[in-house]
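Asks: Chain by chain, the residues:
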Amino acid sequence: MAEKQLAVRMRGITKDFAGKVLANDNVDLDVYHGEILALLGENGSGKTTLMNSLAGIYFPDSGTIEIDGEKVSIASPKDAFDHGIGMVHQHFKLVNVFTALENIVLGINDGGKYDLSAAAEKVRQICDTYGFDVNPKQKVCDMSVSQKQTVEIVKLLYRGVDTLILDEPTAVLTPQEADRLFDVMRNMRAEGKSVIIITHKLNEVLSISDRVAVLRKGTFAGEVLTAETNAQELTDMMVGHSVSLNIDRPESRPRHRMERIRVKNLTVRDHEGVTKLDDVSFSTYNGEILGIAGISGSGQKELLESIAGLQRPESGSVEYVVNTVGELEEVEQLVGMDPVKIAELGIVLSFVPEDRLGMGLVGNMDLADNMMLRSYRNGTSPFVDRKAPRQLAERVVDELAVKTPGIDTAVSSLSGGNVQKILVGREIASAPTVLLCAYVVRGLDVGSSHLIYDLLNRQKGNGASVVFVGEDLDVLLELCDRILVLCGGKVSGIVDARTATKAQLGLMMTKMEGGEA
Amino acid sequence: MFDLVGFIPRAVAQGIPLLFGCTGEIITEKSGNLNLGIPGVMYVGAMSGVMGSFFYESSLADPAQFNALLGFLIPVLCCLLGSLLMGLIYCFLTVTLRANQNVTGLALTTFGVGFGNFFGGSLIALTGSDVPSIALGTTSSVFRTTIPVLSGLGWFGEIFFSYGFLAYLAIATALVASQVLLNTRVGLELRAVGESPATADAAGIDITRYKYIATCVGCMIAGLGGLYYVMDYANGVWSNDAFGDRGWLAIALVIFSVWRPTLAIPSSILFGGLYILYLYIPTGSDSAIREIYKMLPYVVTILVLVVSSMRNSRENQPPESLGLPYFREDR
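Going down the list, the sequences are from chains A and B.
Position 303 of the first sequence, counted from 1, bears residue number 303 in our numbering, the numbering being contiguous throughout.
Position 316 of the second sequence, counted from 1, bears residue number 1316 in our numbering, the numbering being contiguous throughout.
One chain only, chain A, in its complex shape (with noise of 0.2 Å):
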């Protein structure tokens, strides 16, 4: 290929928050024409900070950026509009009751008149070319996740952006879905346009971009030909040391292996009358991690919450098993209940939620505070026991390493990955009989997650039965004993981890798929 243009060039970034974190440091990066550049990092390495300084939403505190060979300062998105830079941001910046037309124009003032029409047609043949599907009638409100990001990508081409941004494109999309991404992205490029992906799939990497540029931990830790390079270079990359991509899966074998949950016939229904669970049977075991797999929004959340006594599902049963002596079983009907009739009951259930700030934790209260959500109904006096919390919190900061001011501190003001260790902290400091989460690595670096998989595998040695709900098909396959698939609420099977593959469970995943579109 010829020699390519040089599209961006980004000189010693440099951008710190409130002097306390130092997102970038002095971070160098090159963006040809008609190339797509994977940008890498793990979380908290600064790519989205380096690319919201690109792309006008940040200003960085030093640095230079040159478009085209220029100089130039971007202040707002709309300087990088206005220099061709547009980036589709995690969280879409859509308004949800517009249509997709309206979206497009939003904020364009061309001094013309305000023609919502000829905008169709231009939005037409934008589509023509790239081989994009958007209705633009449509309101953005019943779109489906990969449409709204159809708009957004739409909305950037139609600013005519040469260079765009695009923050974590396929973590929402399904397999096919993010495919059809793909070919979008190698006809901008073949139209010359520059493409920046940022992610942290290293399968998307090798597969989509041309070169890749490396973050660590706020630094620029080189660049590489795609062609050149595997997983195990760039993961060496991204972390700075040789680390293992190993997980463990220590063999546990209870003393007395039983059944703890048994779900018969659940069908759950969302208030607006969709089925999220229809049917779905199966066991946990006591000593076991049983992995759900499942495309997002498959029912995992509804699934988990039945058993959390947080839904009330339409027909089926959740039942305990509080012990069996030979044949004889002693169990209890957890349908019907709520939390704290549940925990009456004796049972020591945990979850951990995919929200976690939502409904996990507290933002506003204290480290200290929010141990006591779950001990708070302890004891007879009328006044709460705020000793027990505290030493809670201490143990929890002390033995995961959270990085915290002190227990005084609120939660919200904590990284991502600290909040999730006081949550899960907090959830297995009960020495629960069954642990439930969703998601407790998503958002985590490499580090954080292993030292969450390390805790599930504690409670999984002290005989708990584990659900851990996730997305990475690598992780399910290599921490879990069994795993369950889901697939439009229903289950599609439930396979050996030891046995089973990555194709072999993506297939189950969208197994039932076709009817819908």
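Calculated directly from the structure, the hints in this document are not laboratory data.
Every value quoted in this text rests on a predicted model; they were computed, and no experiment measured them.
Glycine residues also receive a C-beta, built at the ideal position from the N, C-alpha and C atoms.
It cannot be assumed that every hint is accurate.
A partial selection of chain A residues facing chain B, derived with a Cβ cut-off under 10 Å [as the list claims (entries may be wrong)]:
hint	residue
1	A55
2	G56
3	S76
4	D82
5	G84
6	H89
7	H91
8	F92
9	L94
10	F98
11	V105
12	I108
13	T267
Beta-carbon label-pair distances, calculated as ranges [to be verified]:
hint	chain 1	residue 1	chain 2	residue 2	range
14	B	Y1298	A	V322	36 to 46 Å
15	B	Q1317	A	S315	24 to 34 Å
16	B	V1186	A	S317	53 to 63 Å
17	A	V362	B	F1055	49 to 59 Å
18	A	H271	B	Y1298	26 to 36 Å
19	A	E344	B	V1186	52 to 62 Å
20	B	E1291	A	H271	34 to 44 Å
21	A	V340	B	Y1298	46 to 56 Å
22	B	L1004	A	V362	55 to 65 Å
23	B	S1239	A	V362	42 to 52 Å
24	A	A343	B	S1287	50 to 60 Å
25	B	V1186	A	H271	30 to 40 Å
26	A	V362	B	N1117	39 to 49 Å
27	A	E329	B	Y1298	58 to 68 Å
Knowing the structure of chain A, use the given hints to seat chain B on it.
Replies: Positioned in the frame of chain A, the structure of chain B alone reads:
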């Protein structure tokens, strides 16, 4: 027999202050600001107009010198200025300082009502009159000028052309507001600010400017409602607390008309009618029944709130970020 020809003009006249307040509040809420200060703003608007007109009237040595144009311009400009100041206070506190919108709004209402009553009392003391009110008959007659020929057309003229010009201005304002919101770039951007400021910000829209302008324009429109009440409806007579709780009804009307200024026109007239229905329904001598009829607008408001919260259509929801402050670097 129910006196429809007598009833409708009264209902409309009752509805006009509500319509001004409602249109103003819709524009304000479309920018994401929930201005509960509207009742106060309407008081201040009315009082500012009264003060302007009072000092103009009393500056004249001879009532014959009264200039109709000045007699109209001075109160209107004073009213707009007073309401604008209220809007600026609200914006400075909630947008610039990001204070809580509910608290700020309620404080402004308390302040506005107090402002109106304090200066109302002062003016009454100045006139040294026996009755606790100020009468601005000359100014009022300017505001109550009707279209000469049309208003004489029997019942037709009674129903459609018996109003002062501010009434027509209220309806025109609502229609224009609706057009601007739906069919212009400014309207699209304003709605985007109220729905999702982060999105609007990323699209290069100046959030602060839109919030300030929408809120201040909304306050000025609402203020005119107060002015209409004193100058036209009440024949230029100000007495403390006479305006009552119309400001609150105006805010309730925003929900009733699902944030659409065009719907605000019939619904404010309907509420105006409900407000005075008790005068037209024979209640006999039992004043208790009369009081129950007076409750009608409030009962309907509650019913509407119940029904509208049950019917959860996406179209008829308040702007998504209504009541929330916006700060770009919040994450």
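Asks: Against this structure, judge whether each hint is valid.
Replies: Structure-based check of all given hints:
no.	hint	in the structure
1	A55	holds (8 Å)
2	G56	holds (9 Å)
3	S76	holds (6 Å)
4	D82	holds (9 Å)
5	G84	violated (14 Å)
6	H89	holds (8 Å)
7	H91	holds (8 Å)
8	F92	holds (8 Å)
9	L94	holds (6 Å)
10	F98	holds (7 Å)
11	V105	holds (7 Å)
12	I108	holds (8 Å)
13	T267	violated (24 Å)
14	Y1298/B to V322/A: 36 to 46 Å	violated (56 Å)
15	Q1317/B to S315/A: 24 to 34 Å	holds (33 Å)
16	V1186/B to S317/A: 53 to 63 Å	holds (58 Å)
17	V362/A to F1055/B: 49 to 59 Å	holds (56 Å)
18	H271/A to Y1298/B: 26 to 36 Å	holds (30 Å)
19	E344/A to V1186/B: 52 to 62 Å	holds (59 Å)
20	E1291/B to H271/A: 34 to 44 Å	holds (40 Å)
21	V340/A to Y1298/B: 46 to 56 Å	violated (39 Å)
22	L1004/B to V362/A: 55 to 65 Å	holds (58 Å)
23	S1239/B to V362/A: 42 to 52 Å	holds (51 Å)
24	A343/A to S1287/B: 50 to 60 Å	holds (58 Å)
25	V1186/B to H271/A: 30 to 40 Å	holds (37 Å)
26	V362/A to N1117/B: 39 to 49 Å	holds (43 Å)
27	E329/A to Y1298/B: 58 to 68 Å	holds (60 Å)
Figure legend: structure checked against the earlier numbered hints; hints not met, in rising order: 5, 13, 14 and 21.
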